[in-house]
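Enquirer: Sequences listed follow chains B and A, in order.
The first sequence runs 0 to 577 under numbering that gives the first Met the number 0.
The second sequence runs 0 to 467 under numbering that gives the first Met the number 0.
Hints are computed from structural coordinates only; laboratory data are not their basis.
Be aware that one or more of the hints could be misleading.
Unchecked claim - Incomplete in silico selection of chain A near chain B, CB under 7 Å:
#1 P120
#2 I271
#3 S287
#4 G293
Each residue gets a CB set at the ideal place from its N, CA and C atoms; glycine is no exception.
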Amino acid sequence: MSDARIIRVAGAIAEASPMGDVALYELVEVGERKLLGEVIRLDGQVATIQVFEETTGLGLDEPVHPTAGSLTTELGPGLLGSILDGVGRPLHAMADRSGDFIAPGMSIPPLDPKVRWAFTPTVSSGAEIAECDVLGTVEESPGLVHQILVPPSTQGRVAQIDAGTYTIEQAIGALEDGTPLRLSHKWAIRRRRPMARRLAGDRPFITGQRVFDFLFPVAEGGSVAVPGGFGTGKTVIEQSLAKFARADVMVYIGCGERGNEMADVLHDFGRLTDPQTGRPIMDRTVLIVNTSNMPVAARDASVYLGMTIAEYYRDMGYHVAVLADSLSRWAEALREIAARLQEMPGEEGYPTYLANRMSRLYERAGRVETLGSPSRTGAVTFISAVSPPGGDFAEPVTQASLRVVGALWALDTGLAHQRQFPAVDWDTSYSLYVEATSDWFSREGSSEWSTLRLRTMQLLQRDRELREIAGLVGVDALADDDRLILEGARIAREFLIGQNAFHEHDAFSPVTKTHALAKLLWDFMTRAGSILRDDAGFEKLDLAAVRLAFGAVKTAAPTDMDATVSRAADAIANMGAT
Amino acid sequence: MTPRAPTVRTYSGAASAAGPLLFVRSTLRAQLGEWVQIEIEGQAERRGQVIDVGTDITVIQVFEDTLGLRPAKARITLTGETATTTVGKDLLGRALSGTGAPLDQLPIAIGEARRPIWGEPINPVRRRNPSDFIETGVSAIDGMNTLVRGQKLPVFSAPGLPGIELAADIVENARPARGEPFAVVFAAIGITERETQTFVSRFRESEVMQRTVLYLNQASDPTIERLLTPRVALTTAEHLAFVHGFHVLVVTADITHYAEALREIAAAREEIPGRRGYPGYMYTDLASLFERAGVLENGEGSVTQLPVVTLPDGDITHPIPDLTGYITEGQIVLNRELHQRGIYPPVDVLPSLSRLMNAGIGKTRTVPEHREWANQLYAVYARGREAKLMAAIVGTEGLASEDQHALEFTDLFEQRLIHQGRRRRSLEDTIEIGWSLLQTLPRDELTRMSETTWQAHAARDQDEEKPK
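Given only the sequences and the hints, what does the whole structure look like? Please build it.
Expert: The structure is reproduced here in structure tokens:
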């Protein structure tokens, strides 16, 4: 029993002494209310502790107890569908205890210890097992098989293992050395889970957002930064991806953001079904919620918690997408804690290790061959919103992100004011995954995919130049060819890369629809170009009808796709006929 | 184990003092946030709060002016409690100081309870999605950027613009959609004596005072009190909303004064400054205010916030509006050019945005066509404003006819819809004015308006004309 007492409290930081034998990042219970804290500095007998809960009312001389463990989470069946706070406590269970408002000092494990799971072993007694081997399976949600893994750094010969229904606390068997085997195991969230080797990403993470899939794709296992000033639609993008994008498991981290937004997520996610499987999307989702008024140290932990859960499902051979909104709030939590520790500040007051911590975090994404047998490949795709102050990307969090990510989806305030959504600035955004994913798109989308993409990018660039000129001399002074580029680009902006996240059939765009719209755009350009070459004059183009037809394709239900596409093709073919 | 009962400890003499801070040696079990009384013979009692506890030195932030404070002579009492405020329905109709002392010559309110002012975060799973709107009586808000119950929607003003006047109009004119129990808590932070008088006399004369609580922290009040005023106001609001089922609108003016107080205190504590000297935790701190807006899953009432932010030098990228914008659900932006042309309120609807608008409008709430109506007005107005810039270069004649129409529309829109003077305007009137403006344009230029909606409105117009 330690007799450590609090000797100082300031903000989210407490100091205790004499701390005895504790380790860095060991979890401690702080004060009489047993607030959750973590040792972040040791100096002789004095431990500096960051406290994950509200410290108001914490007093001198209150006791501090070490727990002999670090900030861990329980990994096992039952994670899917759960809603956790930044340190992994289920928010529903917290509400059952403390009502509508969150009271400090609650300790609740993430997994419900009472739920029983039907376990089917895939190894038998006598088998030699090593870390991350699959012991057997549990059907966690309909259709999703949860592989029960041997915890990292465990090995031996199985003495006994039995099918049956178990809670996560019961032993499903044991090793010959007596080590019990369970459905779940613990993992320290700040450590990345081991893997056999990294693999290159070769297939795209289908986002269902045309501007991303078509212009700036991300590979499974890739990482993307989505910076944008306020009102540019970061959150809508993150939420659309969480709802509709193609992944086996989604981990959504609401990090230091709005409570009402989270209420919206909770409400929406509870009602929506996954178009692919027809099941509630919560069945494949883990929500981690740490709103901006919840304790700041837990904001730091929330991102690691999400990443750990993602790696765990990756190790089962799944493709997991981690959507973090927003990484800037996480970085600010680091800054706040560093300032309380009186560390020497770096740029903009952020700690000097910001870039280092961020790249380590981004590098937890990736496509991997997992440890253990049978051999599996899994991937974690990481997409994080960044909130640059004043919308200015020349700030440390955006810049540190750009050094490591494979794609940048830059959101622009000007486009948002024009109500061009997603407000992705096609001039500054980029993707390093274009080449890696082009084979897949040629195969599954169309052989022209890469050509169409390149031509559209060029069209949009030319459009920007021409609009500057038109702003000076007026549209009428432009040559017909150039006016056609303006019109084509307008169609591209409105119907191809513009997308309505709140429209039933436009919120998610399958690859086929994305391709159809791109193809129609270039059919239009070709047809209109040939009419204009015949000196028909710009007025002969029946743009209104064409635009209407594009609009119909954009918002078409899957069953109406073919009909609307052929009507649009007709409208294009009929241009100049009268 | 339950926390021990609070005990009162008194010490004589502080080790040192600097600005608003008092440093006391060897306190017994001081608690973070603990409420402190400081007495010096011959001087009024001062109050303070523990902001840093340590075995050697404990730091107390003094709320009142520290002019003439002799640290060695002070009797310092740690009360064992954190800051609390009196809450209750009997506060309605009262004008109080920034920390809740009567300013209206009436006795101190007895209240129903004392509540800690710091407030615990609402558990996100117990929040209800905001829906249903609050009618502010301002067309630019009700029509174009609807305020929704449980929302936090700031007004971005600038020096010389009537942000605080608009706030006061809304305090006076706001009402819930269907006559539900409604209250306004107005927290004035760092306002001048002149403004205080204006508010007190204006509201006292009007009947709305009965559903209003005024907390007035004046510019001459101690800086640190500005950090408490909004929290006291929000604690009262939460009580009215979640205990008594009121829909409470909390108007805070001016958050810029609040943020400057925050910076002043941070500097006094010798903290490492962040952007423009504001502390690195300003985002978290502002969030701890704004996030107290919301609706509960199992409750009747709601807390809605309308903070006024004065943009220093009109700069929207300044840390105060910037961080505010990242937390709040949209913004109402005032514009100097409109103000100078005599448009009141001078709301620029283009950069303004209510993120929750869709949840509060439509069939059962406002009018079925609200979204299309607003989109269409917005689209033409945006086009007209662009045309205005272009007209400055190529002249009005050089514009396409659609642009010319939009340009003419822009003036009408500003004069008739945005401009309303100090009068309250009902939502129905706002919608009707909008329609009459749209009808000045050729139908085929109204591309955001579906045929069904257009026909439905035409039919309604005819019905109304028949009886005549």
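Enquirer: Need the list of violated hint numbers for this structure, in ascending order.
Expert: Per hint list: zero violations.
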